[in-house]
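Asks: Per the numbering used here, numbering through the sequence shown is continuous, rising by one, with the last residue being 412.
Note that these hints are calculated values from the structure, not bench results.
A hint or two may mislead.
Said to hold, decoys possible - DSS-like, lysine-lysine: derived pairs with alpha carbons at most 27 Å apart:
id: 1; residue 1: 213; residue 2: 96
id: 2; residue 1: 241; residue 2: 77
id: 3; residue 1: 241; residue 2: 213
id: 4; residue 1: 170; residue 2: 213
id: 5; residue 1: 77; residue 2: 213
Stated by the list, open to error - Quick list of the computed label-pair ranges, beta carbon to beta carbon:
id: 6; residue 1: 106; residue 2: 339; range: 53 to 59 Å
id: 7; residue 1: 181; residue 2: 267; range: 58 to 64 Å
id: 8; residue 1: 153; residue 2: 284; range: 22 to 28 Å
id: 9; residue 1: 210; residue 2: 258; range: 46 to 52 Å
id: 10; residue 1: 95; residue 2: 338; range: 40 to 46 Å
id: 11; residue 1: 124; residue 2: 208; range: 18 to 24 Å
id: 12; residue 1: 96; residue 2: 125; range: 25 to 31 Å
These figures come from a predicted structure and were not determined experimentally.
All C-beta atoms in this analysis are idealised placements derived from N, C-alpha and C, irrespective of residue type, glycine included.
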Amino acid sequence: MRLAFFVIAVALTFLSCRNESTRSGIADAGSSGIPQGRLSIEKVPGATRVAVREPWQNSGGKELVWYLVARDSALPRDIGEEQVIRVPVRRMICMSTTHAAMMRALSADSMIVGISGSSLLYDSLLLERTGSGGIKDVGYEGNLNRELVISLAPDLVMAYGVADPSSGSTVRLAEAGVKVFYNADYLEEHPLNRCAWLRLFGLLTGKEEMADSIVITVSDSYRELTTMVANAAGKKPGVLLGAPWEDVWYVSPGNTYIGRLIDDAGGDYIYRDMTGNNSVPVSVESVFRRASGAEIWINPGTAGKLSDIEAADHRLTSLPVFSSGRVWNNRGRIRQDGGNDYWESGVVRPDLLLKDFISIIHPELLPDYDPYYYIRLE
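Construct the entire structure; sequences and hints are all you get.
Replies: Written out as structure tokens, the structure is:
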């Protein structure tokens, strides 16, 4: 089922006419139609140069560079073995379920030998492999099972850095000779740039053409949807996002991934004027003042129904948007034990996420569409 989901996407590349037009603010794309973000890929003699710009928060313009070299090829001149990843990789450890989702999208999940946070997986085949022991849970950055990681003999650990990892567990792995790649997909502000990291996994697994096809198809689909919204040129309903935690509302700035989805779907995010890379703590009272005119509420914590919001904080029931009932959460594809496909296939299919947001914010534009990742709380 999940394999067909992505095979169809690849097939669409050859069946649909490419829409090359872009509007202001859309992710930049080269002549190939592939978006550009923090990830840079360049073919050089004997290798593929992969660079990650600002690989973690507040990294001060740092760039990490790797060279991907075919297993049966000689090492290019002036490139040290410590900078090289031999491809295709045969054994990979994924420190994020989103990385595992990208491997799954390319039908390369058989190469995964370890993962962090297996209890948060949604995909049934990945869960089956973790249950049978085919994929080992290696723990989290703060409590990484270093001995297990080394015993799995990975060709690569796909990690991510929230802050400078110079003293973290993954650095100690690198010191032990394990290749560690710091993936910055979660820092991308544009949904298409986040999806474009699938290209890295295509290069690593020998499925470059398949990865490029998916990225191009998804990008075209996303741009067509934004054009439809722009041409409709209707009212932009106010959108409230998130929920308070222990009397503090951690507000996502307007230039972030989800803020971009709201804007591209024709919504007016109430904090669209706020910019930054991190959530900003704001008092509940301050959010209430801004939310007085909001018509739609998206992602209210972990709520699965309206009564969950009332139970968490009765004050929230006084918000006009609560009374209107236009409250939606990304719980359309979840498992009882916590896995949520929003964080897996949603990263690879931002066009479906955008379609969900359009149907929520402007249902008149997609009257026959049932959201894929979202449910309306009742």
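Asks: Hint numbers the structure violates, sorted upward?
Replies: none
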